[in-house]
Amino acid sequence: MKPAMPVGLATWMLEHLTFGRDNESLSGDLLEELRGGRSAGWYFRQVSMAIGIGVCEAIRKYASPLLFSAGWSALYPLWRFIGRNRLVHPAPDRWVALGWPYSTMLDLAAGILPAVTFVWLGLVIYLLLLLRLRKTNELSSFRVLLGLSTSLSVLLAATIGLFYYLKRPVMNVQYVAAEGFYSIFHICAINIPLTLSLLVALLSILPRTPRIARKRRTPHANYEHGTGSNSIL
Amino acid sequence: MREHNYLGEFELILLLTLIRLGDEAYGVPLSRELALMRGRDVSIGSVYAALDRLELKGLVASSLGESTPERGGRAKRYFRVTEQGLRSVHETRKVLSKLWKSLPSVKEDLA
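One line per chain: the protein sequences are D and B, in this order.
Residue numbers for the first sequence follow numbering that gives the first Met the number 0, so the first one is 0 and each next one is one higher.
Residue numbers for the second sequence follow numbering that gives the first Met the number 0, so the first one is 0 and each next one is one higher.
Do not take every clue at face value.
Said to hold, decoys possible - Looking from chain B toward chain D, a few residues come up when the C-beta cut is under 7 angstroms (computed):
| no. | residue |
| --- | --- |
| 1 | F9 |
| 2 | V41 |
| 3 | S42 |
| 4 | S45 |
| 5 | A48 |
| 6 | R52 |
| 7 | L63 |
| 8 | E69 |
As the list claims (entries may be wrong) - Simulated coverage check for chain D against chain B, where a stretch passes if three residues somewhere in it have a Cβ under 8 angstroms from a Cβ of chain B:
| no. | stretch |
| --- | --- |
| 9 | 32-39 |
| 10 | 48-60 |
Unchecked claim - For each label pair, taking beta carbons as the anchor points, the in silico distance ranges come out as:
| no. | chain 1 | residue 1 | chain 2 | residue 2 | range |
| --- | --- | --- | --- | --- | --- |
| 11 | B | P68 | D | R44 | 23 to 33 angstroms |
| 12 | B | R37 | D | S148 | 31 to 41 angstroms |
| 13 | D | S139 | B | G57 | 28 to 38 angstroms |
| 14 | B | R92 | D | L16 | 20 to 30 angstroms |
| 15 | B | E8 | D | F141 | 33 to 43 angstroms |
| 16 | B | A34 | D | I211 | 25 to 35 angstroms |
| 17 | B | H89 | D | L138 | 28 to 38 angstroms |
| 18 | B | L11 | D | I58 | 25 to 35 angstroms |
| 19 | B | G57 | D | R131 | 20 to 30 angstroms |
| 20 | D | L66 | B | S66 | 48 to 58 angstroms |
| 21 | D | S152 | B | K56 | 28 to 38 angstroms |
Just so you know, these hints were derived from the structure itself, not from any lab.
The structure displayed is predicted, hence computed values, not measured ones.
We put the beta carbon where it would ideally sit given N, CA and C, even for glycine.
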């Protein structure tokens, strides 16, 4: 087997399956070692481990918002039960008389209101937990507003997409009833849009890992904050 | 009370190796030195992952160096320990030394 092609493929994978990391210097180091006498097997093991580490870091980063979103959306029947006579107008006959498109818009708004308030409540609880655990103190009001509006857009888009896919004749979030909610269809129809909506909102609000701008090194540079030698120890 | 950020085992080893290598600390010599010291091969990817974490904490800084043909034209990334990193090394060493000294007679057996 000629190693050139697989090595090229492995390098391409390392530089493209980065999960937000900059692997250019890492791939340069691996190539330098390979050309310095390391085997192709060693190179593939190093590339596999580097990609695996990137995957693990990405999972660790997104695991808690994803688990929280999925867990929170499973509580939706309880939310519907609590707000059954408060969040949805019991007799929406008045707006039916308004005619299209207002009647449809109001119907849709009334249908989606319990879901939106549920998602936003989940968002607030998650952020309060984060602040309480002191895992972040970098929440900006702009990002919170962005998260709220994103969650609404994603909820609408996911609901429309899912109902279109499932060929439901009526697009109505009120379709959810406590009875039989945990059947497969209900979990798909309601939990996926709710989970997606909350997850996207959380990801847009949470502070991102800062990108560090790296300077080009000049030969014999006298670093301002660095040590450069072990004399300080 | 002042908050301390003590270093983990691998982080401490990395910082000490960086200090030892001085200005020439980039991925290749760093992983070779680590392999030599620890007596086993290291994953360069895990070294970079740990260095990225240390850089985010402000304990390490990096800059891009020259790119050579044997690296496929890719730039080297040189690392150095910051002042804050040095303080962390000192604090961790103090704590570890205290702990070692406080051990009962077992210390002779461990040595």
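Hints versus structure:
1. F9: Because about 13 angstroms separates F9 (chain B) from the closest Cβ in chain D, which is outside the 7 angstroms limit, the hint is violated.
2. V41: violated, 10 angstroms
3. S42: Constraint on S42 (chain B) satisfied, holds at 4 angstroms.
4. S45: holds, 6 angstroms
5. A48: Cβ of A48 (chain B) sits 5 angstroms from chain D, so the hint holds.
6. R52: violated, 9 angstroms
7. L63: Hint on L63 (chain B): holds, closest Cβ of chain D at ~5 angstroms, below 7 angstroms.
8. E69: At about 5 angstroms, which falls below the 7 angstroms cut-off, the nearest Cβ of chain D leaves the hint on E69 (chain B) intact, so it holds.
9. 32-39: Result for this restraint: holds, n = 3.
10. 48-60: With 7 residues in contact (Cβ-Cβ under 8 angstroms with chain B), the coverage given for the stretch 48-60 of chain D holds.
11. B:P68 / D:R44: 23 to 33 angstroms: holds, 24 angstroms
12. B:R37 / D:S148: 31 to 41 angstroms: violated, 51 angstroms
13. D:S139 / B:G57: 28 to 38 angstroms: violated, 22 angstroms
14. B:R92 / D:L16: 20 to 30 angstroms: violated, 38 angstroms
15. B:E8 / D:F141: 33 to 43 angstroms: holds, 40 angstroms
16. B:A34 / D:I211: 25 to 35 angstroms: Given a distance of about 27 angstroms, which is inside 25 to 35 angstroms, the answer is holds.
17. B:H89 / D:L138: 28 to 38 angstroms: Given about 34 angstroms between the Cβ atoms, the range holds.
18. B:L11 / D:I58: 25 to 35 angstroms: With a Cβ separation near 26 angstroms, L11 (chain B) and I58 (chain D) satisfy 25 to 35 angstroms, so the hint holds.
19. B:G57 / D:R131: 20 to 30 angstroms: Given about 25 angstroms between the Cβ atoms, the range holds.
20. D:L66 / B:S66: 48 to 58 angstroms: Between L66 (chain D) and S66 (chain B), where Cβ atoms are some 42 angstroms apart, the hint is violated.
21. D:S152 / B:K56: 28 to 38 angstroms: holds, 35 angstroms
Of the numbered hints given earlier, the model fails hints 1, 2, 6, 12, 13, 14, 20; all others are met.
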